[in-house]
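Chains as they are written, first to last, in the numbering used here: chain A, 1 to 323; chain B, 1001 to 1144.
Honestly, the hints are just simulated from the structure, not real lab data.
Treat the hints with care, as some may be off.
[Unchecked claim] One side of the interface only, derived from the structure: several residues of chain B facing chain A at Cβ under 8 Å:
#1 PHE1009
#2 VAL1010
#3 ARG1040
#4 TYR1043
#5 SER1045
#6 CYS1046
#7 PHE1085
#8 ASN1087
#9 ILE1089
#10 ARG1116
#11 PRO1118
#12 TYR1119
#13 TYR1131
Beta carbons are placed, not taken as given, at the ideal position from N, Cα and C, and that holds for glycine.
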Amino acid sequence: MGNIKLGVSLYSFTDEYVKGKLSLEDCIRTAAEYGADGFELVGTQMLSSYPYVTDRVLSEFKTMTNAYGIDFVSYGANTDRGVRSDRDLTEEEMLQSAIIDVKTAGKLGCKVMRAQYLLSPSALAKLAPYAESYGVKVGIEIHNPETPTSPIMQSYLEVIEQSGSKFIGFTPDFGCFATRPNKPHWDSALQNGAPLELLEMAAQLRYEGVPREEGRQRLLDAGANGAVMGAFQGMYGFVTFYKEPDLEGLKKIMPYVVHFHGKFHYLDEKLEEASIPYKDILPIIAESDFDGYIMAEYEDHISGRALEMTERFLRMEQKLLSK
Amino acid sequence: MAFMLKLPFVDVVSDGSLKHTYVNGKKLGYEFQIRLSNYRGHYLSCLKELSIKVDDEAVNPDDIAFCLRDKEFTIKQLPSLVSEFWNLIEPATIKVYLPDSLKDGAHEIEVTMQLRIPYMATPGSKHSHDYATLDSSGHKVLTI
Chain A
1 MGNIKLGVSL
11 YSFTDEYVKG
21 KLSLEDCIRT
31 AAEYGADGFE
41 LVGTQMLSSY
51 PYVTDRVLSE
61 FKTMTNAYGI
71 DFVSYGANTD
81 RGVRSDRDLT
91 EEEMLQSAII
101 DVKTAGKLGC
111 KVMRAQYLLS
121 PSALAKLAPY
131 AESYGVKVGI
141 EIHNPETPTS
151 PIMQSYLEVI
161 EQSGSKFIGF
171 TPDFGCFATR
181 PNKPHWDSAL
191 QNGAPLELLE
201 MAAQLRYEGV
211 PREEGRQRLL
221 DAGANGAVMG
231 AFQGMYGFVT
241 FYKEPDLEGL
251 KKIMPYVVHF
261 HGKFHYLDEK
271 LEEASIPYKD
281 ILPIIAESDF
291 DGYIMAEYED
301 HISGRALEMT
311 ERFLRMEQKL
321 LSK
Chain B
1001 MAFMLKLPFV
1011 DVVSDGSLKH
1021 TYVNGKKLGY
1031 EFQIRLSNYR
1041 GHYLSCLKEL
1051 SIKVDDEAVN
1061 PDDIAFCLRD
1071 KEFTIKQLPS
1081 LVSEFWNLIE
1091 PATIKVYLPD
1101 SLKDGAHEIE
1111 VTMQLRIPYM
1121 ATPGSKHSHD
1131 YATLDSSGHK
1141 VLTI
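Bound-form chain A, shown alone:
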């Protein structure tokens, strides 16, 4: 049996943080109040001395984690391949930048780090000895529309297996197991004048696996307006969904999972996520040997509902895991 710990990614509180309604300390305290044992933060969002850690910032974090009884578990790193104005970073340069991130994560006391897939499989393999030296496990994020068995992720799996290192692996985002259209997108499309029958047609095209271009044309022929086409883009992109989500793929990569992102967009009062089937996903993890965190990651920032939804998400996890 595994040992699942519940955490909150402070990214969930993006809107409140950017607007100054919640300070970094408020975000950490709120995560602890909702019952999280640990938290993740995105370096480019909330680390004031990014990409480094100054002693002062470190001691501020220690004061806060001690005060609220929560661990700083995970560091979200970005792969900014296009940071230069004249050209893309080379693979070697992206590796060097990821090494800085690993050092920062280690200094912050984080045991895990999320990396983005612009860091290539071979760069990830070269990062392994650094990850080991600094005591930070690095997980490549599997984010919608990628799935555990999509070709890119299979190429990561190959190098992870070949490396034999326990310090590189995956960070699956549960959004990649969605089985229904994204509710906030759907609702906002309706509000913006999308006819319901055309939205339903778009969802059906996606369920049937109709190729994007063909689907696009069929919708336009049926008279779809901009609101429908906007929702359709999402359905074939970052918020895609499947009749049969890749749960078999998840089982295969479980030995290499570093931690999870518990994505959610909307939970009703019965604690059901509108598009991601948590009651099917969580038992797979509970029955594996996974020992680590699920970091709650809310993503409908502009709604202003982050606090309520995050609190519900933690309750949903506790209910489904009988915690």
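For this one, chain A is given, so just place chain B on it according to the hints.
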């Protein structure tokens, strides 16, 4: 056509921030604060465009200083600043050189600010170094 995102979390031109810049007791220009309206911070090299209009009149870029913490940069320096990071919740100060400054009263400040999103390739693009654009432009009437 460029792939453009806008994330209107905050006002780009900050309320109540317009004031005269005094040097040796004389007005030598004016200054105001701007925010990055996004969900994360960026290196200043990602600023593809930053231009200012005041009362519908374009400000000469060579008269603009972009100030972050204790540092001051020219607009032309921005593209090469790959290690100067603009934190998400930190306002930057725009200083404009204008002897005698603006007349006291209300002025329309218009900021056009576009960033290269350095991890998000333009969807469907087959070119290298082709990224989506974040539009963090904004305008507001401020009183000096």
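Going down the list of hints, with the structure as the test:
1. Below 8 Å, beta-carbon pairs count as interface contacts, and PHE1009(B) has one with chain A at about 4 Å; its hint therefore holds.
2. Annotation: interface hint on VAL1010(B) holds; nearest CB of chain A at approximately 6 Å, less than 8 Å.
3. Interface hint at ARG1040(B): satisfied, since its Cβ lies 4 Å from the closest Cβ of chain A, which is below the 8 Å cut-off.
4. Given the 8 Å rule on beta carbons, the hint for TYR1043(B) holds: about 5 Å separates it from the nearest Cβ of chain A.
5. For SER1045(B), the interface hint holds, the least distance from its beta-carbon to any beta-carbon of chain A being 5 Å, beneath 8 Å.
6. Given hint, CYS1046(B) at the interface with chain A, holds; its Cβ is 7 Å from that chain's nearest Cβ, closer than 8 Å.
7. Interface restraint check for PHE1085(B): the shortest CB-CB distance to chain A comes to about 5 Å, inside 8 Å, so the restraint holds.
8. The beta carbon of ASN1087(B) is positioned within 8 Å of a beta carbon in chain A (closest approach about 6 Å), and the interface hint is therefore held.
9. Because the beta carbon of ILE1089(B) sits about 7 Å from the nearest beta carbon in chain A, less than 8 Å, this interface hint is met.
10. For ARG1116(B), the shortest C-beta to C-beta distance to chain A is roughly 6 Å, which falls under 8 Å, so the interface hint holds.
11. Hint status for PRO1118(B) relative to chain A: holds, with the closest Cβ pair at about 4 Å, below 8 Å.
12. Look at TYR1119(B): its Cβ gets to within about 6 Å of chain A, closer than 8 Å, so that hint holds up.
13. Taken as an interface hint, TYR1131(B) checks out: its beta carbon lies about 5 Å from the nearest beta carbon of chain A, inside 8 Å.
Checked against the numbered hints above, the structure violates none of them.
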